[in-house]
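Read off the chains here:
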Amino acid sequence: MSYLELNNISKSFDKVEVLKNINLNIEKHEFCVLVGPSGCGKSTLLRIIAGLEYPSIGHLNLNNNNVTDLKPRDRNIAMVFQNYALYPHLTVRNNMEFGLKLDKVPKEKINDLVNEAAQILKLEPYMKRYPKQLSGGQRQRVAMGRAIVRDPSLFLFDEPLSNLDAKLRTKMRTEIKSLHFRLKSTTVYVTHDQIEAMTMADKIVVMNEGEIIQVGTPLELFDNPKNLFVASFLGSPEINLLEGNVQSHNGKTSLLVNENVMIPLPNKIKLTEGKKIIIGIRPQSLKISKLKTDFMARVSILETTGTSTFVFSDVGDKVLCAETNRDLDLKVGDIISLKTDPEEIFLFDPETSERIKN
Amino acid sequence: MYSLKQNKLLLLCLCLPAIFIVAFFIVYPILNGVYMSFTNASPLRPTTKLVGFENYRYLFQDDVYWQVLGNTIFIIGTATVIAMLVSLGLALLLNNAIRFSGLYRSLIFQTWVVPWIVIAILWGWLFNTDYGLVNGTLTHYGIIEKEIDWLFNGKAAQWSIILCFAWRSIPFLMVIMLAALQGVPNEVIDAAEVDGAGYWQKTFKVTLPLIQNISLAAALMQAVRMFQEMTLPFVLTEGGPMNSTMVLSMYSYNLAFDSWDFALAATVGTLWLIMLVAFGALYLKTVVREV
Amino acid sequence: MKLSLAKIVERYIIPYGLQLSAFISTLFLISPIIWMVSTSVKNEADVFNRPPEWIPSEITFDSYFRIMNGFVVNILYNSILIALLAAIIATIVGALTAYALSRFAIPGKSTIMLFFLSSLAFPIPLLMMSMYILLMKLGLLDTLTSMVIGHTVITLPITVWLMKNFIDQIPKEIEEAAFVEGASFFRIIFFIVFPLSMPALTASALFVFVTSWNELFFGLSFISSPDLRTVPVGISQSFLQDFKTDWTGMMSLAVIVTIPIGIIFIFLQKSFLRGMIAGSVKG
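Line by line, the protein sequences give chains A, B and C.
According to this note's numbering, the first sequence is numbered sequentially starting from 177.
According to this note's numbering, the second sequence is numbered sequentially starting from 437.
According to this note's numbering, the third sequence is numbered sequentially starting from 24.
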């Protein structure tokens with residue numbers, strides 16, 4: 177049995193169905209990320225796992241116990257909230273001691289646990305301060321400290337990095353992950369940021385409109401998205417999408433986008449002539465060719481990150497993005513030839529948005 | 437965490453005292469009061485019987501009642517308007533970064549601390565015809581020739597009460613308006629400035645509309661409170677024919693605890709209630725704007 | 024540098040003008056109080072001097088000593104006791120109810136809130152009559168309890184309203200965090216919500232205290248024993264009999280009777296204003 181099992185969980189608020197038949201297994205020591213756009217239900221699912229909400233239908237098992245009706249305190253979980261939710265009127269030390277005192281842990285043990293957590297999170301200089309005297313990053317660490325002192329069965333994070341600036345976010349990502357390893361914990365982490373999901377997760381759960389769309393490791397989802405939604409959601413910059421009709425010629429299939437653009441398609445996938453499909457090409461797979469091809473575009477924007485350059489170009493009325501090395505000599509307005517390896521193209525059915533595999 | 441189903445017992449415990457108090461001491465008295473207006477109830481009578489609309493008929497024919505009603509509306513209305521204007525002016529004044537503005541605000545607000553009874557007596561003395569400060573100052577500096585009969589003469593007496601109510605309302609209204617002014621986002625004012633507005637235009641076209649809701653709601657609350665106020669009329673009217681300054685609250689109280697005619701008092705009260713609710717609803721509908 | 028007339032007005036006249044206006048307005052508004060204090064320390068003879076003396080030529084505290092007696096102590100004691108009890112009860116009951124109304128989706132919540140607020144407009148004489156009969160049946164007439172009940176009843180709507188508006192602004196996540204850590208609702212309310220609601224609690228308590236201190240008519244109607252009179256009742260009755268012409272004495276009594284609230288007010292004013300404003304402006 178898995179460590180955390182969610183069986184047929186559905187949740188409605190006042191006739192609005194927010195979660196639809198969720199089934200999910202999370203293993204011990206796993207770092208599982210629930211990711212999806214705003215309103216997809218990921219936070220609600222997290223709150224159900226925590227015990228702050230109860231499912232309308234379904235049950236959950238934690239460590240072989242049915243915890244569906246248990247209060248949070250009886251599930252032995254810890255949670256880090258988006259706005260940290262520190263107790264404003266208590267010092268950092270008191271914040272971290274709060275839960276332990278409720279569990280009636282002896283005073284000496286409390287001190288040991290709190291000091292240890294403070295050391296791990298480098299909070300020692302701040303123990304006597306109040307939350308309003310701390311920076312965002314420090315508050316976040318206090319929130320984590322509050323969670324780790326209790327040695328819970330499960331760690332829950334609800335978009336903890338959303339309120340931090342970009343640089344701090346990158347730093348904290350690594351800190352959270354290394355903490356996870358160090359404590360050998362099991363973590364469920366909610367975010368809308370797909371970069372966080374990709375970089376931190378052992379298992380990603382992509383959600384949309386109350387349903388689980390796809391579950392897998394980051395690379396599985398990246399290389400093998402189940403549908404258009406997953407393919408567009410993961411990956412930065414976003415995947416390039418083009419629509420066109422299938423054309424066969426001499427045993428080779430291509431996509432006719434418009435009279436100027438024809439793109440070779442993977443051979444092993446059987447497609448009917450004239451069928452309309454959508455293709456997805458990741459920026460990393462879209463290359464600029466030195467030779468002329470049937471895939472012409474006009475450069476509109478160039479973005480350099482310092483390590484690579486993103487070339488945005490117009491094809492018909494669409495804008496495509498190609499990631500190249502930074503030293504390419506291009507200007508806005510140049511006409512370029514694009515090419516891509518057909519095997520790296522994703523094919524999607526325009527009606528179902530599902531991926532076409534065979 | 438806050439689900440109703442899981443926490444029924446807790447909710448009951450939290451709300452029970454308030455529910456009990458409200459039901460027993462507010463809902464019941466009100467309903468009973470309305471009921472009483474249809475009877476001839478009185479503590480002097482051992483039993484009561486229904487008399488239908490008799491009380492209402494009596495009241496509508498009573499000149500005194502209409503005079504009292506008119507007085508009340510005039511006094512409270514004028515006092516509220518004056519208080520609003522003065523409070524607004526003060527709030528606008530103190531909203532600028534004047535030195536000591538905090539001190540001024542404090543001092544003005546401190547006047548609220550002085551008990552009503554003290555104010556009533558003080559006011560009675562200030563406006564005393566022969567010895568009062570007001571007449572004394574006015575005559576000494578030649579502003580008026582003969583002392584004004586502030587407490588006994590009809591119109592002047594009304595004005596002394598109006599001034600007192602206004603004076604009493606100003607601290608509360610001023611503080612609320614000051615807070616509302618400080619809640620107006622600076623960017624909006626700046627935008628008006630960029631658009632070319634001068635001080636008065638900014639004030640009338642931008643600032644005031646933005647504090648309109650709160651200010652007028654506060655004014656309503658204050659007016660309603662003044663409606664209830666009986667201490668001042670009570671103290672000032674002791675010992676004199678005061679129908680020109682008789683207000684509804686005092687009138688009702690006298691009926692109940694002086695004449696012991698609970699039924700009639702209840703009638704006055706019920707009519708008052710209907711009036712106030714209707715007025716309040718109408719007022720809020722017209723005055724509250726969508727921000 | 025050329026200084027046009029407009030610039031002079033703007034840079035000098037207007038700021039000083041404002042300063043002066045504020046000063047004069049404030050002075051004007053607090054003048055009755057100044058007059059009250061000033062009279063209380065005057066000599067009997069100087070009271071009616073013309074031109075009226077704002078600052079007495081001679082200051083004496085005679086009148087204070089003259090009027091201080093058992094009666095004054097008695098009414099002060101009664102009022103303080105009633106006001107304290109009413110403040111504590113109304114604030115705590117109000118806070119608990121406000122918490123329930125703020126956090127839980129109680130059916131008909133907005134109607135209840137509206138009802139609470141509008142109960143302030145209900146004619147007090149109407150209220151008093153029924154309460155009189157009720158208290159008579161309960162045998163509570165002529166007791167301090169009746170006063171505490173009466174004062175709590177008329178202030179409860181406002182304390183609930185003030186506290187609810189304030190609690191609405193406290194992020195729920197803090198309570199959720201405590202809940203997740205295993206705290207019971209009792210703990211959450213008394214150890215987290217209440218400490219964080221101090222401004223509103225202070226504002227409510229102070230409001231109830233002041234209202235109770237001022238309240239005259241419950242005292243006149245419900246109490247008949249001279250020993251149980253509150254400050255307003257005592258003053259209004261003795262004013263008619265004892266102080267007909269003793270103005271310095273009357274003013275001294277007035278000052279004495281203002282002092283208890285004045286002191287509390289000075290200390291709690293900041294907190295009180297914050298709470299009241301947060302409660303009303305946001306509402």
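Please note that the accuracy of each hint is not assured.
[Stated by the list, open to error] Distance condition first, Cα-Cα at most 25 Å in a straight line; then the derived DSS-like pairs of lysine-lysine: (1) LYS132(C) to LYS277(A); (2) LYS195(C) to LYS721(B); (3) LYS30(C) to LYS638(B); (4) LYS446(A) to LYS466(A); (5) LYS441(B) to LYS196(A).
[To be verified] Partial list, derived from the structure: chain A residues whose beta carbon lies under 10 Å from chain C: (6) GLN258; (7) PHE274; (8) ARG322; (9) MET374; (10) GLY427.
Rather than coming from a laboratory, the hints here were simulated on the basis of the structure.
Being a predicted model, the structure only gives us computed values, none of them experimental.
Virtual Cβ for every residue (Gly too), placed ideally from N, Cα, C.
Cross-check of the supplied hints:
1. LYS132(C) to LYS277(A): violated, 36 Å
2. LYS195(C) to LYS721(B): Distance ~32 Å between LYS195(C) and LYS721(B) Cα, so the pair is violated.
3. LYS30(C) to LYS638(B): Given pair LYS30(C), LYS638(B) holds - Cα atoms ~20 Å apart, limit 25 Å.
4. LYS446(A) to LYS466(A): violated, 30 Å
5. LYS441(B) to LYS196(A): holds, 22 Å
6. GLN258: With Cβ-Cβ at 8 Å, under 10 Å, it holds.
7. PHE274: Holds: closest Cβ of chain C sits about 6 Å from PHE274(A), inside 10 Å.
8. ARG322: holds, 8 Å
9. MET374: Because about 27 Å separates MET374(A) from the closest Cβ in chain C, which is outside the 10 Å limit, the hint is violated.
10. GLY427: Where the cut-off is 10 Å and the nearest Cβ of chain C is about 62 Å from GLY427(A), the hint is violated.
Violated hints, in rising order: 1, 2, 4, 9, 10; the structure is consistent with all others.
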